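A.B. asks: Residues in the sequence shown are numbered consecutively from 1, following this note's numbering.
By construction, these hints were calculated from the structure, which means they are not laboratory data.
Predicted, not measured: the structure shown is a model, and the values here were computed from it.
Careful, some of the hints might be misleading.
[To be verified] 30 Å max Cα-Cα, derived DSBU-like pairs, lysine-lysine:
1) K480 with K467
2) K593 with K604
3) K474 with K436
4) K436 with K467
5) K523 with K593
6) K334 with K310
7) K612 with K523
8) K410 with K436
9) K480 with K334
10) K612 with K592
11) K334 with K513
[As the list claims (entries may be wrong)] If you anchor each label on the Cβ, the simulated ranges turn out as follows:
12) G300 with K480: 51 to 57 Å
13) G404 with A527: 56 to 62 Å
14) V554 with D498: 49 to 55 Å
15) T348 with S31: 49 to 55 Å
16) E374 with D498: 32 to 38 Å
17) E337 with A505: 16 to 22 Å
18) L308 with S18: 34 to 40 Å
Ideal placement from N, C-alpha and C gives every residue a C-beta, glycine not left out.
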Amino acid sequence: MNPRVSGISGPLQGATVSMACGELSIGRDPSNHLWISDPALSRQHCLLTRKGDQVIIRDLGSRNGTSVNGMAVDEGQLRHGDQISVGSSVLMFLLEGGEEDLQRSEVEFTETRVLGSAPVLLHPEDAFHLQPDKLLSRLPQTAHWASDLSALLKLATRIGGIWDLESLQWQLLGSIFDLVPAERGAILLFEHAEEFSSAVAWDRVRGPNHPVQVSRTIVQRVVRERVGLVVNDIFDDEGLRAVQTVTELRIRSVLCVPLIAADRVLGAIYLDSQHRSDQFDDSRLQVMTAIAGIAGLALGNVRYMEKLRKENEGLRAEINLEHNMVGGSQAMRKVFELVRRVAPTESTVLIEGESGTGKELVARAIHRNSPRVERPFVAINCAAIPDTLLESELFGHEKGAFTGASALKKGKLELADGGTLFLDEIGELASGLQAKLLRILQEREFERVGSTHPIKLDIRVIAATNKSLAEAVKTGTFRKDLYHRLNVVTLTMPALRDRREDIPALTEHFIVKASRKCKMRPKLLSAEARACLMNYDWPGNIRELENAVERALVLGSSNTILPDDLPEAVIETGSSASPCKAHYHAAITDFKKQLVREAFREAKGNYLDAAKALGMHPNSLLRLIRNLDLRSDLESGFPRAATG
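Make the full structure from the sequences, and use the hints.
C.D. replies: In structure tokens form, the structure reads like this:
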């Protein structure tokens, strides 16, 4: 005999503790044999004691009580397979066997015809316990109302602090058995109509591992009509009498109520009874409808909390993801999510995307969030090194391997051992080196140039390309087998024109970065300049944007970045993205020309006076005149002043 308890739901799920010393204490205090920081547990909750061949459980005056098979106990003997409810957890008591004994009762739906006998029905809005005014008018007539109210208050207190869905169902089922004389019970939850997502069931007569038969007809009616239902005299009902289990177990009464929260049916509570003398009646239905009302709110809250918890975990994972990328667009969130998922693995990653989209930043982010973060990240641009030197750069060479090899040199592969090798522009790799790289990916070993001794290698390979490798395979410029080796996980970086909502954040980031680099004060971005940036197509992507921002910061003469400070291509293309915008920008351009001509007229063609009148630096005025193509007009209008 090996007495022990094993958690089957709640905070203690998965925990197994044996009674090797003859005692097992459970509670919130760390001094207990089995403890966890659960607010629903008392510090010293209950004690299991071995007395010969018996194991006795005793509640230690806990605040929320101890239940065995759904019945509250102060002290009692445990049998193999008993379920113990303590705090927010449900434990199973085991004497022998292994993990197979942890199997619980399952729900089996039985098909029945339309009920022959007239059931007792109750709508939730007609339940006295849920209508204080009606309840008060009934109190003097029946003595058990007070005990029912006390039990409901205890139920609400017990399940109110439970935030684990399965534990809540078990605690609820145990509390129901305390209030209603039922032999079997099931709590059914579902996401969509008639598609149950979870079910907790218990057969108090036959014990665990015995399925609980549930009439689909009854459950469907309860859910469809949102009504509580009691059926008595089962043997007089042809539809239910046809069910073999009903006959074998001599079930005489069935009760079922819907679980409703926020006007949505979450599931149902199903009970049956064998006792003729204590069949379910209207008073039991009233109590169960009240229990369902309380439980529906609790279950709805737990589901909402689980949804928030999952969202919170996702946000925390995003926050904890280390990277230097800027952007909150939907396209970038997909990139961040893929980086988060692939980083902890050892999979080879192929990053595709146009030039300047930030492929190396993604590669570094994958390395940074991987188990190899403490090891080297080695990047090599396959397009920047001549083919004659690339092999030596990758594999290294022995001393005297070729003319000029005066000493042994370790290659990039060897330097990246234990870390990550980033092969940028992999599509430019020479065909001969493609075959050697394929062998490295397959065998995880290489040889230095001029050596015949293989060197074992432990690296993760991340490759990037601005070309379509699939097309290169079709044209025969890239090996098909190498492509399949690299194309394990593919990540495509979006072009900047496909994530325009990130342009303002990227611009602010680059303004700060450029101001530090050039040792200048950061400048504000004018609305007109922002509009130009947003409307431009950015063929050079983020790299082009960064260069444009740095240029504007360096060449601009005011404290604000204006459209005139941006590259001409950005101004011209960015200011004519649509007919409406083109009309607007054309009007602005005409107005600027008019202002400049008027200033020159008043200044009689003097640049300095015209700039002063416009409140501009002379250099800015010269640049504006050039951008507006006004030089010839102004010089012809004021030939002497313009050249004097």
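A.B. asks: Looking at the structure, which of the earlier hints fail to hold?
C.D. replies: 14
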